[in-house]
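Take these sequences, add in the hints, and give me the full structure.
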Amino acid sequence: MVLGRVSIVVVCASCLGLLISCINPVPLLRDEDVSLLQPDRLHPGQNCREGYPQPDSRFPAACAAHSNCENHSRLIRVFTHTASEFLDMGKYLIMGAFAVAFTKVFLPHEVLLLFQNSLFLSVSAMMLLAVLVSVCSEADAFVAASFVTLPAAAKLSFLAIGPMVDLKLIVMYSAVFRKRIALALIFLPTVLVYLLSIILGVVLG
Amino acid sequence: MAEIIKKICGVIEGLIVTVIGLYMGLLVLFGDYWRFLNPKFKWLTGATAVILIVIGSVATIVPNKRPSYSRIIVFLLFVRILSVGNLEISLTPRIHSDTGASRLTVDGAEYIKINLAELYMLTEKKEPNKMDTHYVVRGMVKRSRALDDLGQFALVRNAVFCCLADSVAMGFRVLYDGSEELADGQWVEVYATLSALTQGLPDPEFQSEGLHLTLLSESYGLTPSKIVSIEEPEIPFMFDFKEQEPYAY
Chain P
11 MVLGRVSIVV VCASCLGLLI SCINPVPLLR DEDVSLLQPD RLHPGQNCRE GYPQPDSRFP
71 AACAAHSNCE NHSRLIRVFT HTASEFLDMG KYLIMGAFAV AFTKVFLPHE VLLLFQNSLF
131 LSVSAMMLLA VLVSVCSEAD AFVAASFVTL PAAAKLSFLA IGPMVDLKLI VMYSAVFRKR
191 IALALIFLPT VLVYLLSIIL GVVLG
Chain E
82 MAEIIKKICG VIEGLIVTVI GLYMGLLVLF GDYWRFLNPK FKWLTGATAV ILIVIGSVAT
142 IVPNKRPSYS RIIVFLLFVR ILSVGNLEIS LTPRIHSDTG ASRLTVDGAE YIKINLAELY
202 MLTEKKEPNK MDTHYVVRGM VKRSRALDDL GQFALVRNAV FCCLADSVAM GFRVLYDGSE
262 ELADGQWVEV YATLSALTQG LPDPEFQSEG LHLTLLSESY GLTPSKIVSI EEPEIPFMFD
322 FKEQEPYAY
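Residue numbers (my numbering), protein chains in the order written: chain P, 11 to 215; chain E, 82 to 330.
For the record, the hints were derived by calculation from the structure and aren't laboratory data. Built from N, CA and C at the ideal position, the CB exists for glycine as well. Treat the hints with care, as some may be off.
[Claimed, not checked] Here's a subset of chain E near chain P, in silico, CB distances under 7 Å, partners left out:
hint, residue
1, F122
2, W124
3, A140
4, V249
5, L294
6, L296
Structure, rendered in structure tokens:
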């Protein structure tokens, strides 16, 4: 099980890395986030101390983040920018956590037992469960083990997909990355985990 | 007017960060932290609280001139939910680790004090002597009709590895003919040895009401020599999991 989990995650990470390495790094992120990594690219030849009288239409949020940095020390700017980042990311985290909490309270686990006799359906069901309940990777092995009647491949798929794709991450990927990258981050691991789990399930019985 | 509203919203953003930091700090210092997270993460929450209080205070004094209304709404809702959480402030720490001896002698037999999660993980290891050893464990009785028919009941306790949302009730089936005498939900201390189980779980997905997920050992059960009724512990969860004596119990 451990070897299977490691293998699947390594394959997914390698494929994603290869795919993303073929893309120029700047367009990976949505426009407003580019500034966070490369603030000096905002206004060529101009820096914060000179102020931002006209917001750059290419990077509106970047200018917003820097609009109150005039006359403030670097340390103050770091603090205010950190607070802004915390609220920005926290917003998506909270919305994702609400969705997960809703699922945890209202999703009957007995539903999964309907699929226990089919490898294809049980793998799909456990992957869906992993995405919906967003279990921490420290505890997911115990959660998977509690589904004693499901095939090992289904439990493996639950363990492999959970840390890569879940409701909170989907919301955050969509907020930070460009649409095509976010879709790749969601769908590539999902498809690979499904196929590899099925293959391992068939080969190892 | 629009500028004033923006400035007020910028201050509110800073205050939200500060309030969340203060809440986390209070939770770590005086609150029931264990109701949310495993106490092993207290240092991390404490450090985050300090950072949030500092950056929140600065962001309140030097407010963001372009605040986001959507994140203010989401965070105000979140702060409102935190207030529903009914933070209980206590000046005395409520988690007491068991500092007594790691073994008990009862009726001439020596029992190792161990919690149900530790014993479960022990049974997953290939160790030759675990069957002859006497253990004492504490947990909650969970009964079902199918288990009653087999002369068994389940003894479970909630293990919190990370946060409460990820908790799993772990335990064993206890091979005990008098399970009718025990009430569902009753807390007991069981003095027992491990027995290899020949029958699978009668309820394959035994899930006890009120617990998120239940994990019962399929390979081993407990054969009790003594069952003692106890009060429900003030903190009923298991947070600490050791692989050798002295166990967390």
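Margin query: Less than 7 Å between beta-carbons is the criterion; does W124 of chain E satisfy it with respect to chain P?
Written below: Constraint on W124 of chain E not satisfied, violated at 16 Å.
Was the hint right that F122 of chain E lines chain P, CB cutoff 7 Å?
-> violated, 10 Å
Can the hint on L294 of chain E be confirmed by a CB-to-CB distance to chain P that is less than 7 Å?
holds, 5 Å
(message) Quick check on A140 of chain E please, does its C-beta sit within 7 Å of some C-beta on chain P?
(response) It holds, given that the least Cβ distance between A140 of chain E and chain P is near 4 Å, below 7 Å.
Item to complete: Return the status of the interface hint for V249 of chain E: holds when the least beta-carbon distance to chain P is below 7 Å, violated otherwise.
Response: holds, 4 Å
If you take the shortest Cβ to Cβ gap from L296 of chain E to chain P, is it below 7 Å?
-> holds, 4 Å
The structure does not agree with the numbered hints 1, 2 stated previously, though it agrees with the rest.
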